[in-house]
Each structure stands twice: as C-alpha cells, then as structure tokens.
Amino acid sequence: MSQVRVLVGTRKGAFVLTADGKRDKWEVSGPHFAGWELYHVKGSPVDPNRLYASQSSGWFGQLLQRSNDGGKTWEPVGNKFAYDGITGTHQWYDGTAHPWEFKRVWHLEPSLTEVDTVYAGIEDAALFKSTDGAQTWAELSGLRKHGTGPQWQPGGGGLCLHTIILDPSDPQRIYIAISSAGAFRSDDGGNSWKPINKGLYSKYIPNPTAEVGHCVHHVAMNPTRPGVLFMQKHWDVMRSDDAGDSWQKISGNLPTDFGFVIDIHAHEPETIYVVPIKSDSEHYVHEGKLRVFRSKSGGNEWEPLTKGLPQKDCYVNVLRDAMAVDSIDKCGIYFGTTGGQVYASADAGDSWAPIVRDLPAVLSVEVQTLK
Amino acid sequence: MVRVVLPYHLRNLAKVGSEVSLEVDGAVTQRSVLDALEARYPMLCGTIRDHGTLQRRAFLRFFACQEDLSHESPDALLPEAVVSGKEPLIVIGAIAGG
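Note that the protein sequences, when read in sequence, are chains A and B.
Every letter in the first sequence is one number past the one before it in the numbering used here, and letter 160, counting from 1, is 160.
So the mapping is simple: the numbering used here equals the position in the second sequence, first residue as 1, plus 1000.
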C-alpha cells in the first residue's frame, strides 16, 4: 500500500506528517529546526528520501538543510546566494530605484531527473541552481538580466520568486513567478527568459496590461499535461493553454477571486482547487467560512467544498505554497492555514479532516506519495 | 584558547554547548575569532556576519568584559581577558520579535 508524507513548513519549524494510503491515521514528527521560519520543504522526485528545507531567521539569516532519510536527520548545506555580477536596482515600493539584496529562499524545486540538482527561488527575486546537493549555488542570471528587472517592484510580502515549475516533457523548459513582476518562461534550461503575462489585467498598476508588474501569487501545472497552466493572481484566477503565451480569466462564480493557493487534481487535469480570500485588504477567508472551491471544468464553474471545514468564525489565510496533492487514487488534497491547521481530504476534496490543529502558522505544504 | 559564547539557536545549529574554545592564529580580533569559529563550524558561515560584506548581522551584538564591542572595528584587538581566555566573547541575539 502507498504511504504519504506531508512536509509542512511553519513560522516556527518544520513538521513531517505520515500516514498509509488510507490517510486517516497520522504520525507527526517535529518541530524540526524549532524556532526558525521554514518557508519551504520539498522532496526529490528521483529519491524521495532526499529532502531540502529552507530555514531562515531575522537574527541569523538563511540556512539550507538537506535530509537523506526522509526527514529523520538533517545536515546544513550551502547558504551562500551571491548574485551574478553587478546587481543593479529594481523598483522599491515608492517607485525609486532600490539595490538588489538577498533576503531569503522562498521556494526549493528539486530536479525531476537529478537527485543533486535543485533550484531555489529567492527574495529579492532571482533563480539559483545547485548541482551538488545544495552545497553551492549559482544564479541563473538570465532571468534577472533579461531586461525588465529594473521595473520589478515588490509585493506586500517582498520581491519574491515563489513558484518554480519544471516541465517533465521538456527538460529545457522552466516556468517561474515573481510577486509582483509576473510569470516568466525559459525554453533553454534557464539561460534566457521572457515574460508570459499576456492576458493578465491588473487594475492597480499604471498600465493594467503591462508586460511585467502583475502580482502573480501562484502557478500550478499538472505534470501529465505540460503547457496547461493555472494561476492565482492577486485578484483573478487564470488559465493558459499555450504554456503561458496567453491567459484567460476563469474566476467565474467564485465569491471572490483574490487568493494565494491554486492546485490541480493529480489524475483529472481539469479539476482545480482554490481557496478564495476576502480581499487584498483583509487576508482571511470570505464570510468567516473556510471553503475550498473546486472546478471540474477547468475553471469558471466552481463548487464550495465545506464538509469537515469550519463554517463560521474562521479568519485564517492559506498562503501560496500551502496546498499540495498526492497521487493516490482517490487523489488526496492537503492545505495548511495561518491558524496552524493542516487539513487533508482523501476523496479529492469531498470531505476534509484536520491532521493537526495547533501548529505555528503554516507557510508551506508539500506531499510525497511513497510506494 | 579564546572562549566564545553562542546564542541558543546557533548552539543547536553547530551542535555545541553554551561555549566553545578556539585556537586563534595571530592577533585576536573580532575578525580572527569569527574566522576561526567559522572554520571549525562551517555551518555558522553567514549566520553571524553576512557572507558577502562580512558585516555583523543587524540583530546580533558582541559583548566582552561587560562592554558592547559591536561597533568596534572588526580588526581592533579584543580585551586581554578575552585573549587569555579569562573572559568569553559573547555573541548575543537581540531580544525582539516573537
């Protein structure tokens, strides 16, 4: 029988939650790195016991941790992220030029084919790559230097590169997203990049259809259908059927289309999930109800999923990297909240139950399906 | 031997007790002590001073002999009591945050 391992990053440490394929009885391990912020923990698809974790602190800066035994033990690895060449400036919140400064690693994306290769998305936005198991890092500076970098401006959470998607059908193709610059694609392994924001409309920026400047919150792709992307933007839920060359709005009947997470059913690539948040001024769920919305038609038509979730007096947020799916049949869906709950559904969202209720605020959730 | 007291999280990271003793070559300064510390415990690189600039992290301070040495030159000689091992160099984190 399959097993699942849920990797949870929180404001005060990491937790590893494990269960068998029924997904009804859970063991909780942690906190690992107690007291530190764990922005992201993710396992290698090549060797699921190889995990990478981004550990940071306002006092002590950035650390990277690596496990070779599924999170039982960890070792610190390379934490030196030096921008390539003269860094120049991006725009600050007030539109003035601001020097690029490393702050933290938001997202780690292990290679689909090489266990020692891993990508890191950092703040201030840049993409780094390691080919030695995270011991040393080099910037793929074609992204930051492709031309629009000086126009990038931070979102409320900072100028963060938070999404990295590797295309399993084309090892040269990489997608990334930055708040609040937008989405970008490379077709040559990360050497050169182009913005892929055509069709996005952001009324809060001077030119609502600008090439860059959109606050993309998260992008998801089902690996069985590369080229079809789903996006939760600051406002608006979007899809692209041409690898990001163009986007269409699919918010449809959502009660609000502001949000952070978006993910896709492992076996039904037109079934997608979002958690609507009230607004950009009030970062908690709408009407005090924690509802996951599911579309089985690739967007526009959405149904609220509420069974097992609090439906009154709930004011949590679900952050951009805090939802994941397993690949068991039926597909399991997982998400974590800023209130410290991690919810799981073993039936594709029809019903939910908390795995844990009282963790520190959840920053990220990833799932590994183990054979 | 120069004694260095580390804050709680860095002790855990380096898997050491509250205090470490270091052999420091040449003049005993903040820089040479931190160089020796990072050479022996490479996981501490970047946690006390920035990788690139080697500037002390903003929320950390250096104390010894009941004096705040944080704003001294990193190449200034440390007090004789630190050099002799009578007193430790204390790396302390700001009491701030949640």
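Derived from the structure by calculation, the hints contain no laboratory data.
There may be inaccurate statements among the hints.
Which chain A residues stay away from chain B? Per the calculated CB distances, all over 10 Å, these [stated by the list, open to error]:
| hint | residue |
| --- | --- |
| 1 | Gly35 |
| 2 | Gly58 |
| 3 | Trp59 |
| 4 | Ala82 |
| 5 | Gly157 |
| 6 | Asp170 |
| 7 | Pro171 |
| 8 | Lys203 |
| 9 | Asp242 |
| 10 | Lys289 |
Listed next, the in silico SDA-like pairs over lysine to any residue satisfying Cα-Cα at most 20 Å (straight line) [said to hold, decoys possible]:
| hint | chain 1 | residue 1 | chain 2 | residue 2 |
| --- | --- | --- | --- | --- |
| 11 | A | Lys103 | B | Arg1056 |
| 12 | A | Lys198 | A | Glu268 |
| 13 | B | Lys1015 | A | Gly35 |
| 14 | A | Lys80 | B | Glu1067 |
| 15 | A | Lys80 | B | Asp1050 |
| 16 | A | Lys25 | A | Lys312 |
| 17 | A | Lys80 | B | Ala1081 |
| 18 | A | Lys194 | A | Val228 |
| 19 | A | Lys80 | B | Gln1055 |
| 20 | A | Lys12 | B | Gln1055 |
| 21 | B | Lys1015 | A | Lys194 |
| 22 | A | Lys103 | B | His1051 |
| 23 | A | Lys312 | A | Lys330 |
| 24 | A | Lys80 | B | Val1005 |
| 25 | A | Lys80 | B | Arg1003 |
| 26 | A | Lys72 | B | Ala1036 |
| 27 | B | Lys1015 | A | Lys103 |
| 28 | A | Lys80 | B | Pro1042 |
Ideal placement from N, C-alpha and C gives every residue a C-beta, glycine not left out.
How the hints compare with the structure:
Distance check for Gly35 (chain A) against chain B: the nearest CB is about 6 Å away, which does not clear 10 Å, and the non-interface claim fails. Under the 10 Å C-beta cut-off, the non-interface status given to Gly58 (chain A) relative to chain B is violated; the minimum distance is some 6 Å. Listed as a non-interface residue, Trp59 (chain A) fails to keep its Cβ farther than 10 Å from every Cβ of chain B; the least gap is roughly 4 Å. With a closest Cβ-Cβ approach of about 6 Å to chain B, Ala82 (chain A) is found to fall inside the 10 Å limit, against its non-interface label.
Residue placement check: Gly157 (chain A) keeps its beta carbon more than 10 Å from all beta carbons of chain B (closest about 17 Å). No Cβ of chain B approaches the Cβ of Asp170 (chain A) within 10 Å, the least distance being about 34 Å, so the stated non-interface status holds. For Pro171 (chain A), the shortest C-beta to C-beta distance to chain B comes to about 31 Å, beyond the 10 Å cut-off, and the non-interface label holds. For Lys203 (chain A), the condition that its CB be more than 10 Å from all CB atoms of chain B holds, with the nearest at approximately 35 Å.
Once the 10 Å rule is applied to beta carbons, Asp242 (chain A) is consistent with being away from chain B; the minimum gap is 40 Å. Residue-level check passed: Lys289 (chain A) sits 28 Å from the nearest beta carbon of chain B, beyond 10 Å. Straight-line distance between C-alpha atoms of Lys103 (chain A) and Arg1056 (chain B) comes to about 15 Å, which keeps the hinted pair within the 20 Å bound. A C-alpha spacing of about 26 Å is found between Lys198 (chain A) and Glu268 (chain A), which places the hinted pair above 20 Å, so the restraint is violated.
Restraint check: the Cα-Cα separation between Lys1015 (chain B) and Gly35 (chain A) comes to about 16 Å, which is no more than 20 Å; the hinted pair holds. Of the supplied pair hints, the one linking Lys80 (chain A) and Glu1067 (chain B) is violated, its CA atoms being roughly 31 Å apart against a limit of 20 Å. Between Lys80 (chain A) and Asp1050 (chain B) the CA atoms are separated by roughly 9 Å; this keeps the pair inside 20 Å, and the hint holds. Of the pairs offered as hints, the one joining Lys25 (chain A) and Lys312 (chain A) is violated, with about 26 Å between alpha carbons and a cut-off of 20 Å exceeded.
Distance hint between Lys80 (chain A) and Ala1081 (chain B) is unfulfilled; the C-alpha atoms sit about 34 Å from each other, more than 20 Å. Between Lys194 (chain A) and Val228 (chain A) the alpha-carbon distance is near 17 Å, which keeps this suggested pair within the 20 Å criterion. Distance hint between Lys80 (chain A) and Gln1055 (chain B) is fulfilled; the C-alpha atoms sit about 14 Å from each other, no more than 20 Å. A hinted pair counts as satisfied when its Cα atoms are at most 20 Å apart, and Lys12 (chain A) with Gln1055 (chain B) does not qualify at roughly 26 Å.
At most 20 Å may separate the alpha-carbon atoms for a hinted pair to count; Lys1015 (chain B) and Lys194 (chain A) exceed this at roughly 45 Å. Proximity of Lys103 (chain A) to His1051 (chain B) is assessed by CA-CA distance (about 12 Å); at most 20 Å being required, the pair is judged to hold. A threshold of 20 Å between alpha carbons decides the hint, and for Lys312 (chain A) with Lys330 (chain A) the separation of about 28 Å lies outside it, so the pair is violated. Between the alpha carbons of Lys80 (chain A) and Val1005 (chain B) the distance comes to roughly 24 Å, so the proposed pair goes past 20 Å and is violated.
Taking the CA atoms of Lys80 (chain A) and Arg1003 (chain B), the gap is about 27 Å. The hint is violated against a cut of 20 Å. For the given pair, Lys72 (chain A) sits about 30 Å from Ala1036 (chain B) by alpha-carbon distance, which is inconsistent with the 20 Å threshold. A hinted pair counts as satisfied when its Cα atoms are at most 20 Å apart, and Lys1015 (chain B) with Lys103 (chain A) does not qualify at roughly 25 Å. A distance of roughly 12 Å separates the Cα atoms of Lys80 (chain A) and Pro1042 (chain B); the hinted pair therefore holds under the 20 Å criterion.
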